[in-house]
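Can you make the complete structure from the sequences, with help from the hints?
Chains as they are written, first to last, in my numbering: chain E, 835 to 1145; chain W, 832 to 1129.
None of these hints come from the bench; they were simulated from the model. Built from N, CA and C at the ideal position, the CB exists for glycine as well. The reader is advised that the hints may include incorrect statements.
Taking lysine-lysine and the BS3-like style, the derived pairs with C-alpha atoms no more than 27 Å apart in a straight line are [claimed, not checked]:
| # | chain 1 | residue 1 | chain 2 | residue 2 |
| --- | --- | --- | --- | --- |
| 1 | W | K928 | W | K864 |
| 2 | W | K864 | W | K1000 |
| 3 | E | K1024 | W | K864 |
| 4 | E | K1024 | E | K1013 |
| 5 | W | K1005 | E | K1024 |
| 6 | W | K864 | W | K1005 |
Only part of the chain E face toward chain W is listed, based on derived beta-carbon distances under 10 Å [to be verified]:
| # | residue |
| --- | --- |
| 7 | L848 |
| 8 | S953 |
| 9 | Y1072 |
| 10 | W1073 |
| 11 | G1077 |
| 12 | A1123 |
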Amino acid sequence: MTSDRTPRILGAILVVLLAAGPFVPQWAIFLITIALAKGLVVLGLLILLRCGLVSFGQALYYCIGAYTAGMLGRLFEVDGVLTLMLAGMVVAAVTAYVLGFLLARYRGIFFGLLSLAVSMILYGLLVKSETLGSSDGFNVLPSTLFGIRPADEWVRYAVLVVASVVAFVAALLVHRYLKTPLGSLAPAIKDNEIRVEYMGASARYAIHVNYVIAAALAGLGGGLAATTVGHIDPEMAYWTTSGEFIFITILAGTGSVIAPFLGALIFGIIQTVAFDISPNTWQMVLGGALLAVIVFLPTGLWSLFRRRRAT
Amino acid sequence: MQELVAVVIDGIIYSAWLFIAAVGLTLIYGVMKIINVTHGSFYALGAYAAASITGALLAHGMPPMLSYAVLLGSALLVAIVVGPLIERGILRFMYVKDEVVILLITYALFLILEDVIKLIWGVDPYYISEPYGLLGSFDVADLTYPTYNLILVGVAIVCGAGLAWTLTKTRTGKLLVAVIHDTEVSRAMGINVDRFYVVTFTFGSLLAAIGGAFTAPTVSVVPGLGVEVIVLSFAVVVIGGLGSLPGAALGAVIVGLVRSATIHYLPQAELFVIYFVMAMVLAFRPRGLFSIAEARKI
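Here you go:
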């Protein structure tokens, strides 16, 4: 048995990100930060997918996180990046705790459809709420770091630093969680739920916990996205946003906690490059990539690394 | 009183539209167990084909009254060309996979088709308002409605009744019910299951394309047209029960009436109510209002 290399790889990635940050152009920092935000959401979906659950409404928590961050800035003029992210996480987790009592009873297609319905409810509410800018959304305050507002050219880097550290901690915690008895129930639930119950474990409880964790991560990602982009709108709760997250999850695979971030980065790069080269066919490229991954790499891009290591 | 009449009439018109847009989804799910995201693409393809073909023919001096037939013809063209292509070309290799994975595959196909539409028709909007204005309007309790809306209701009734009749009264329908209940035994009995799958997928897609084609005259046909239809028809179909034909009708009527009532009395809640009803139905009767304790039938 080989030693667990994941924490070391994560740490190395963190160091590289922090060290390289000041030297890469602003647009690249933006791309990476957004990839980290989406990676956090996908990290949550990874936990759910390990249980065999696909949520078509994870955008709900992403949007809750983003709107919590936006509202805090708007109503109370809170602008610390970390505070906003954590607030988004808490609100999302509490919502998920309540909804979890219902959703943890659902499996397969019905879990997906119900989570879709709930996220569309939020979308329907936000689109029609004029105080929150209806379908236009509103701008988020420029963020600060521990009360300091960095110089303009350093803002993006400062956000990247916070985002990388948060993502590092989140990935590490999820990695450890997946090895705990509760965390390792996930694949068992996917394989055979009845056996899990015979073992004396409660599948519903495990799914509820996983659901809350996934939502917390999505809220964290949403808060980060809100402060990075500087603008939020109801589209963040729309089903296409959820579709994008699932897309990245499938692309990345569930093999490792690093995979979601890698997947999100590749997704961002494909999106940017394909959009630059031909704005009318970038979705086609994405669709083709998804199809190819499902057919040829059913366990995601991460399986490429696995295979190489095994030989 | 007048407002109530307006609510009911608006509701019926909207229900008719929803039914046409959604019934193909339930047909495909009922037979093939596929939640078909490309349904929205077929809707958009139908709308684009109808708008461009009808527009071109009208410009070449076609009598405007024929445009209704052309709308239908465009939808047929789309379904017959693209339907079998997708089913035979891609989906048939995927049936062994999990329901959720097939859903993701149709999502990938939806992304691809979105751009295919942009490549064929560009990103500029298409308008064909002639068929909409042609029939004039009618009055109900001092309210004026375009007569075109009656065509929508008519198409919905013909589609629903036609499907019900085919499924219950014809040999094909009975064979199809056998396929739904047990694919393997049907195959063993000599039913050509593959052919049923192609035909079902094409026919279900045709219904979506018809929905798009007959909506085209009432809206401007722009990219992204099918995106909203997907969730709306999911809601309709889930409320009635996936794979149930009367369920789709009931779902369409519920969503139609509820939406038109909220638009009249509480416009802020317009979108919210649809998905709220969907969530409530899923919470209390996950298999839909029309689920009964017997083997699934369509």
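Each hint tested on the structure:
no., hint, verdict
1, W/K928 x W/K864, "holds (11 Å)"
2, W/K864 x W/K1000, "holds (23 Å)"
3, E/K1024 x W/K864, "holds (20 Å)"
4, E/K1024 x E/K1013, "holds (16 Å)"
5, W/K1005 x E/K1024, "violated (36 Å)"
6, W/K864 x W/K1005, "holds (18 Å)"
7, L848, "violated (31 Å)"
8, S953, "holds (8 Å)"
9, Y1072, "holds (8 Å)"
10, W1073, "holds (5 Å)"
11, G1077, "holds (6 Å)"
12, A1123, "holds (8 Å)"
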